[in-house]
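We have chain A; now place chain B onto it with these hints.
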Amino acid sequence: MSARVTLATAQRVLWQIRHDPRTIALLLAVPALLLVLLRYVFDGREAVFQSIGAPLCGLFPFIVMFLVTSITMLRERTTGTLERLMTLPLAKLDLLGGYAIAFGLLAAAQAVVVCIVGFVFLGLDAPHGAWLVAVLAVFNALLGMALGLFVSAFAQTEFQAVQFMPALIFPQLLLCGLFVARDDMASVLYAISWALPLTYAYDALARATSLAPLGARLVLDVLVVVGCTLGALALGALTLRRRTA
Amino acid sequence: MAVQVEDLRVVRGGNEVLHGVSLAVADGSVTGLLGPSGCGKSTLMRSIVGVQIVEGGTVTVLGLPAGSASLRRRIGYVTQAPSVYGDLTVLENLRYFARVVGVGRDRVAEVLDSVGLSQFTSRLTSSLSGGERARVSLASALLGRPQLLVLDEPTVGLDPVLRTELWRMFHSLAHDGTTLLISSHVMDEAAECDDLLLMRDGALLEQTTPDALRRSTGQDDLSKAFLAVIEAAERSR
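Going down the list, the sequences are from chains A and B. So for the first sequence, the numbering used here puts the first residue at 1; every next one is plus one. So for the second sequence, the numbering used here puts the first residue at 1; every next one is plus one.
The set of hints was computed from the structure by calculation and includes no laboratory data. Quick reminder that beta carbons are idealized off the backbone N, C-alpha and C, glycines included. Check each hint, because a few of them may be wrong.
[What the hints assert, rightly or not] Which stretches of chain B does chain A cover? Using the computed rule of at least three CB atoms under 8 Å from a CB of chain A, they are:
#	segment
1	44-52
2	73-82
3	86-95
[To be verified] Computed Cβ-Cβ distance ranges for the label pairs, DEER-style:
#	chain 1	residue 1	chain 2	residue 2	range
4	B	Ile53	A	Gln163	24 to 30 Å
5	A	Leu220	B	Ala69	36 to 42 Å
6	B	Ala69	A	Val188	45 to 51 Å
7	B	Arg123	A	Val48	50 to 56 Å
8	B	Ser68	A	Gly227	30 to 36 Å
9	A	Pro213	B	Gly102	49 to 55 Å
The shape of chain A in the complex, shown without the other chains (with noise of 0.2 Å):
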């Protein structure tokens, strides 16, 4: 693995977006534009769109760079990119690391808006700090990438790809405790909840934007955040391949 190889990617990756000013605008606009209307159809409730738009401010970028990334990934494997850099000194990190810096970049700025929007415009309450929620919108993000990276080895087309959202990612944000509290819910469900990552990316972004206590139970749902994204990473980086059939 290389420095330079790693850093190349990314501003590779940063140099492709830059020329798609609409997908830029949209990445930025959309997250808080829903905010917007979240605040309005929960309109006069406000402990209600606390409790939804508050963690929601730190998992769009789960979701949007879950899509982005498979998207990407997917094109550079259709296009032949994929197999010209298998073929030069590259290491597979490189290439997950580049995707993993230029992707994190632009889910801290989409964090960013959405944060301002939400915890400024909104007033939406942060005991513990708005720059929290952000960090941990970008952890999110990075999972969300990590996941995305990993499954688009199992799409031939964009229209697979972009179903694995619905698949992969409505189930999680509806097990997680967003929505309904976790204990609410059916056993085998609330059993399940515990092994899905969106639930401890959930619960830290819960605590961060509640009265209670931070506590220990936030460092271990970033810990499993983060392990899941390496191990979604590891397992992306078997689906690159040297050599194909």
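Frame of chain A, contents of chain B only:
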């Protein structure tokens, strides 16, 4: 020998597409790999570059087993479909690949000039014509001054002037010691090569030279000569 292939067999999608191919590519030669589309040229090239899962046989490239990590700095590979980033400019594509192989910006400028793309540097690669994109892909492969260049149909869709210029460049690269393996399905390009590998249906029909091919078949026209080789192979079967 730059490339030595022994009894190479490749299975793709349950079908054997290379049936025990053996050949050698001499150091510093321009070797043409000729045959109709679908005869296994690309699969053979992929095996030499080391990206193809092979069923049997050995492929030795620059003295090492194909696919060895240290070969990645020494081989340049250009696929038939240009494998460059359409959403980057020509210059950004080249700068990225230059940093991956570890060469500087002066080398980028040099390579762009040698493939005649100097006026296109700020153009988005997806906005280029097919032939221009193919040259971006070729330029990217030249960056690291590879000892072996494996080019899959590099002149397809180019006008005759450009085609002549590229062949001139290939010869000058060979003159400087680079080994080139170039596939084509157009027999008139065979005349440009030092050595010829004639393929059909996943098998090597003959390893020869343009002159030897003309002599052995009594045909001046290389297309007709190739046809004669195919007919002879059918008869002897």
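Count residues of the segment 44-52 of chain B with a Cβ under 8 Å from any Cβ of chain A, then say if the count reaches three. holds (count 4)
Could one say that the CB atoms of B/Ile53 and A/Gln163 fall in the range 24 to 30 Å? holds (28 Å)
Status of the given 49 to 55 Å range, CB of B/Gly102 versus CB of A/Pro213: Given a distance of about 51 Å, which is inside 49 to 55 Å, the answer is holds.
For the segment 73-82 of chain B, count the residues whose Cβ lies under 8 Å from any Cβ of chain A; is that count three or more? holds (count 6)
Is the listed coverage of the segment 86-95 of chain B by chain A valid when you require three or more residues with a beta carbon under 8 Å from a beta carbon of that chain? Our answer is that it holds, as 5 residues pass the Cβ test (under 8 Å) against chain A, meeting three.
Hint check for A/Val188 and B/Ala69 - Cβ pair distance inside 45 to 51 Å: Because 48 Å falls inside the window, the suggested range holds.
Tell me if the beta carbons of A/Leu220 and B/Ala69 are separated by a distance inside 36 to 42 Å. holds (39 Å)
Please check whether B/Arg123 and A/Val48 have a Cβ separation lying inside 50 to 56 Å. Holds, since B/Arg123 and A/Val48 (Cβ atoms, about 52 Å apart) stay within the stated range.
Cβ separation of B/Ser68 and A/Gly227, checked against the hinted range 30 to 36 Å: Taking Cβ atoms as reference, B/Ser68 and A/Gly227 lie about 34 Å apart, which means the hint holds.
In the structure shown, no violation is registered for any of the earlier numbered hints.
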